[in-house]
Amino acid sequence: MSGSSGSQRFAATLAVLACALAFPFLASGYHLYQGAQVLILAIALLGLNLLTGFNGQISLGHGAFFAIGGYGAAILTAKFGVPYWAAIPIASLVCFGAGFLFGFPALRFGGLYLALATFALAVATPQILSYKGFDAWTGGSQGVLLAKPHAPFGLLNADQWIYLVCLLCAAALYWAARNLATGRIGRALIAIRDQPIAAETMGVNAALYKTTCFGVSALYAGVAGGLSAIAVGFVSPESFGLSLSLSFLVGIVVGGLASLGGVLFGALFIEFVPNLADQLSVNFGESAKALPGAIYGLLLILLMAAMPTGVAGALRAVARVFGRGFASRRQSGIEGGGAASASREM
Amino acid sequence: MITRRSFLQSSAAAAAFAASAGSARAETPGVTDTEIKIGQTMPYSGPASAYGVIGRTEAAYFKMINEQGGINGRKINLISLDDGYSPPKTVEQVRRLVEQEQVAFLFQTLGTPPNLAIRQYLNDNKVPQLFVATGASVFADPEHFPWTMGYNPNYQTEARIYGKHILATKPDAKIGVLYQNDGFGKDYLIGLKDALGADHASMIIKEVSYETSEPTVDSQIVTLQGSGADVFLIAATPKFAAQAIRKAFDLGWNAVRYVTIVSVSIATVLKPAGLEKSKGLITAYYGKDSADARWKDDAGMKEWAAFCAKYLTPTDFIDSNALYAYGAGGTMIQVLKQCGNDLSRDNIMKQAASLKDLELPLLLPGMRINTSPTNYSPIRQMQLASFDGESWQLFGELLKG
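If you read the protein sequences in the order shown, they are chains A and B.
Quick note: the working numbering has the first sequence finishing at residue 346, numbered continuously throughout.
Quick note: the working numbering has the second sequence finishing at residue 747, numbered continuously throughout.
Since the hints were made in silico from the structure, they are not lab data.
Note that CB positions come from ideal geometry on N, CA and C, so glycine has one too.
Some clues are possibly wrong.
Have a look at the derived ranges for each label pair, beta carbon to beta carbon [said to hold, decoys possible]: (1) B:D576 <-> A:A136: 26 to 36 Å; (2) A:Q279 <-> B:T569: 42 to 52 Å; (3) B:T659 <-> A:A22: 41 to 51 Å.
Covered stretches of chain B, going by a simulated chain A footprint (3 or more residues, C-beta under 8 Å) [unchecked claim]: (4) 390-399; (5) 425-438; (6) 451-464; (7) 525-533; (8) 551-559.
From just these sequences and the hints, can you work out the full model?
In structure tokens form, the structure reads like this:
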């Protein structure tokens, strides 16, 4: 059973990757931009899911690390002439450091208290970014403009190239996260989340794991932020508001907590549902232009009511129903009925 | 394949060119014989959603124009998308407008950061970015960004008017400035210094800034008073302007106080500060105030009232953002009228840069909008006004900053 589900997952991963690779040669520049945004969001959600989903540390402040990555990449490329492919790793290492250090005070907070502490980080970010002491680098509220990277040898246009760079980063980081989460480290992270005392008794160094997890999570957010700066070509304090941090949390819950594949659905949700809400609100007449927020909220509630464990959880449940259905059919013949055994399992 | 397609396209274009006898409209996306498609981003959601009324008013304005038959038989189709005041979203929506919806040009995209994020893209693709809804001075730069044009009197223009007034009325003034530490506040400092010139730069004896995250600006006001300044320029957003006005009065500091156009609302600034304490404030106006009884019988204001009654709501009538949008819509229509049947992007930009003495119903009497290939700031005139404890009283002539 586990072997077949493993091969199914491998097939699904390959299929997603094949579609993602074919996309830049079929889609328009606008859709490639959206695709890059989805991949960027997915990377940030991967990081947050490692921290919140696997390790149980709630962060409402990942927009801050996203901002450090974004500004880091922007400042390095625009002010110091560092090429973007070097700027993003440097910026994300800075994020790792920041996240690791923030992990220490985070050790003293649990649950909601940590959520509040990180919330403060998200609130403070736009104001710190526009602080006048940093003006020479951050450009204050005017932000930093950066040039679009061009594909090597002029083989592809800028949109295709940025998309492929994002895809490469997302695939590599997904692979790394999967290795991290399914191995010894992943088990330790989950043990700390579920039974911290038992985990320490087993010899797990909770402080080290938690701070490192925070650092790695921030690194993911930093890579995403750096890619975002390159893709948009502009950073400003408004790009990294409180709503960004909150949307990350929405993304991992919608996608499915502690589900690495689920982040793709979370990213799709963050990217497209606000647009959908804006389009739906047009149906209520011109004066209903204030509605997108309300419609977004409604869609979110409906989705969570239909899929309480996120899209990934719902997909797993569906797969289980079918899996059991086939299994029982094999055992008890046609008249056993897949549906009956499935409802018993539910 | 590509050669064949481009050959087909070019021959189709040539045929259309011949058919329309020299008209370039076949080449402009979004323009047909019956429609002009225009794009826009607006913060309908998010922290700046109060500005959403601008998009609503403009949609209503174009609806009115369409009901009257449109421009040269073409209806205007405004596609106004929500960007939540987030630059990455603005880029996405603008690319959708240009690449998917194929709009002819963009009109009144709102906010300084969103407009900065899309400016390069639009200039690279030669799509007009007309009358951006922000007072930042960086959008009037035809030399570097010929496809981007501002609209509002920018903050530097306004500050230059204050500087000239100070030089004319109080040449020995000692000026203290309170400014918000961002592009908005700094534009006032730049404009003021510009007007004073190098000879009088020393007139500014103290500059103090604040962050929007600070709870009050009381300590800044104490510092400014302590410097011995006798002229006080308040370049602050409403909440902080109210605090500054009140604190300066409470300290018994009787400096001549200038306050930015952003913070002149009687309801949201002067009442919280105290009407008595606000007496004597000076600001610069460019539009009529629908809450001011003086304009009750004004023809332009009556036109606005009739428009509101038919297309908007009573609360929009007194919303200064809605009045602003009405004027922007009127300016846009003038540009399209001037274009005639040549609605190529080149000509749209050219006509936007050749507005001559355009008067609008809601601008102060005598104000005229002028643009040229080297002047991308449509509204440059303002008139000073002082607060008498009840309302703003205009005085002096129209001034050019």
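Hints and how they fare:
One distance hint, 26 to 36 Å for the beta-carbon pair D576 of chain B and A136 of chain A, holds here, with the actual separation near 33 Å. Under the hint 42 to 52 Å, the C-beta atoms of Q279 of chain A and T569 of chain B, about 51 Å apart, fit the expected range. Here the CB-CB span from T659 of chain B to A22 of chain A is close to 49 Å, well matched to the stated 41 to 51 Å. Judged by the Cβ-Cβ criterion of 8 Å, the stretch 390-399 of chain B is covered by chain A as claimed, because 6 of its residues qualify and three suffice.
As drawn, the stretch 425-438 of chain B meets chain A at 11 residues by the rule of a beta-carbon pair under 8 Å; at three or more, the given contact holds. Counting residues of the stretch 451-464 of chain B whose CB falls under 8 Å from any CB of chain A gives 6; the rule of at least 3 is met. Restraint check on the stretch 525-533 of chain B versus chain A: 5 residues with Cβ-Cβ distances below 8 Å, three needed, restraint holds. As drawn, the stretch 551-559 of chain B meets chain A at 4 residues by the rule of a beta-carbon pair under 8 Å; at three or more, the given contact holds.
When each numbered hint is compared with the structure, no violation occurs for any of them.
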